[in-house]
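In order, the protein sequences belong to chains B and X.
For the first sequence, the working numbering gives the first residue as 442, with consecutive numbering after it.
For the second sequence, the working numbering gives the first residue as 31, with consecutive numbering after it.
It is possible that part of the hints are untrue.
[As the list claims (entries may be wrong)] Heads up, simulated EDC-like pairs for lysine to aspartate or glutamate below, C-alpha to C-alpha not over 16 Å straight-line:
| hint | chain 1 | residue 1 | chain 2 | residue 2 |
| --- | --- | --- | --- | --- |
| 1 | B | 570 | B | 559 |
| 2 | B | 448 | B | 553 |
| 3 | X | 132 | B | 553 |
| 4 | X | 123 | B | 489 |
| 5 | X | 80 | B | 515 |
| 6 | X | 155 | X | 78 |
| 7 | B | 487 | X | 42 |
| 8 | X | 123 | X | 108 |
| 9 | X | 80 | B | 559 |
[Said to hold, decoys possible] Covered, in the sense of this in silico footprint (three residues per stretch, anywhere, with C-beta under 8 Å from a C-beta of chain X), are these stretches of chain B:
| hint | stretch |
| --- | --- |
| 10 | 453-467 |
| 11 | 536-550 |
[Unchecked claim] Some chain X residues well away from chain B (every beta-carbon gap over 12 Å; in silico):
| hint | residue |
| --- | --- |
| 12 | 44 |
| 13 | 120 |
| 14 | 145 |
Derived from the structure by calculation, the hints contain no laboratory data.
Idealized CB from N, CA, C, for every residue including glycine.
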Amino acid sequence: MNISDIKKGLALPVREFSCDNRQLFLYNAVLFNAHRIHYDYPYATKVEGYADLVLAGPLIGDWLHQCVDAWVGESGELLSMEYSNRHAAYVDEVLTGIGSVVSVDTEQQTVEVDLRIENANGDVIAPGKAVVRLCDHG
Amino acid sequence: MSGEPKQQQIQELSQDVLSAIGRQSEPRTEIVTRRDIRKYAIATGQTERKYLDGDVAPSMFHLALFWDIVELTDLMPDGVSVDTLLPKFPLEKAMAGGLELKYLKPIHPGDELTATRSLIDIYLKQGSKGPIIFYEVIMEVKDSFGNDVVWEKTTRLLR
Numbered sequence: 442m443n444i445s446d447i448k449k450g451l452a453l454p455v456r457e458f459s460c461d462n463r464q465l466f467l468y469n470a471v472l473f474n475a476h477r478i479h480y481d482y483p484y485a486t487k488v489e490g491y492a493d494l495v496l497a498g499p500l501i502g503d504w505l506h507q508c509v510d511a512w513v514g515e516s517g518e519l520l521s522m523e524y525s526n527r528h529a530a531y532v533d534e535v536l537t538g539i540g541s542v543v544s545v546d547t548e549q550q551t552v553e554v555d556l557r558i559e560n561a562n563g564d565v566i567a568p569g570k571a572v573v574r575l576c577d578h579g
Numbered sequence: 031m032s033g034e035p036k037q038q039q040i041q042e043l044s045q046d047v048l049s050a051i052g053r054q055s056e057p058r059t060e061i062v063t064r065r066d067i068r069k070y071a072i073a074t075g076q077t078e079r080k081y082l083d084g085d086v087a088p089s090m091f092h093l094a095l096f097w098d099i100v101e102l103t104d105l106m107p108d109g110v111s112v113d114t115l116l117p118k119f120p121l122e123k124a125m126a127g128g129l130e131l132k133y134l135k136p137i138h139p140g141d142e143l144t145a146t147r148s149l150i151d152i153y154l155k156q157g158s159k160g161p162i163i164f165y166e167v168i169m170e171v172k173d174s175f176g177n178d179v180v181w182e183k184t185t186r187l188l189r
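The whole structure should be built from the sequences, with the hints applied where relevant.
Structure, rendered in structure tokens:
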């Protein structure tokens, strides 16, 4: 990937993400996260009022990172990312990672990207923004 | 819930709450293992071989590395542990939060990393549905040579 090929508005490859209850267990085990909304269905739905077991917010954040990482590959490096968790996402839900280039700085070799994870209804679960630096291939 | 102040009554934050600004955690040091990277990569559904093999850590790996390890007696009924960096807030329902991250150096197996967390701000805003408390925590991760590895700012909202 060369920075001269990247223009404002360029769309990143769309990615689909989904997390079943095995993966949800593994993710929270890796974090040592015992929050019951992630594994205790009666608690999540009856006490906290969620529709189903809830995906951990940082997992959605990680998926935003993966959208950029998969696009840039070995052609560059991620410098920064910011995102926020706006809505709950649930186990087995199919989510979509979408991104597009908002600016290109050829001098700094950096590209700014707008990102979002959406659910099937088009609700933005997590909007984000990332800056990557592309390697100079001469 | 009973015992909680009505949202309309909170016009300003108490000095007790505000005095927590500037608190800093004890530095925590962890050694990165290939096994931990692999577990994180698998659990997040990574597809990149370099992460799945644990050669280098994916971007948000530091979050798992430095997630608080607390004993069972320190877990609340909902399974969450009390963050000792924070004061007792008059509002407790956690809402959406945001994260800002700067990646300054890749993480590899064998790295010895130290994280320090600081509570840098607490402020109150009046939202359309009542007051909202914001607080901001910065986590700085450095390697054993003092090089910056990750800088992270978390903003959380309580209603």
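Enumerate the violated hints, using their earlier numbering and listing them in ascending order.
6, 7, 9, 11
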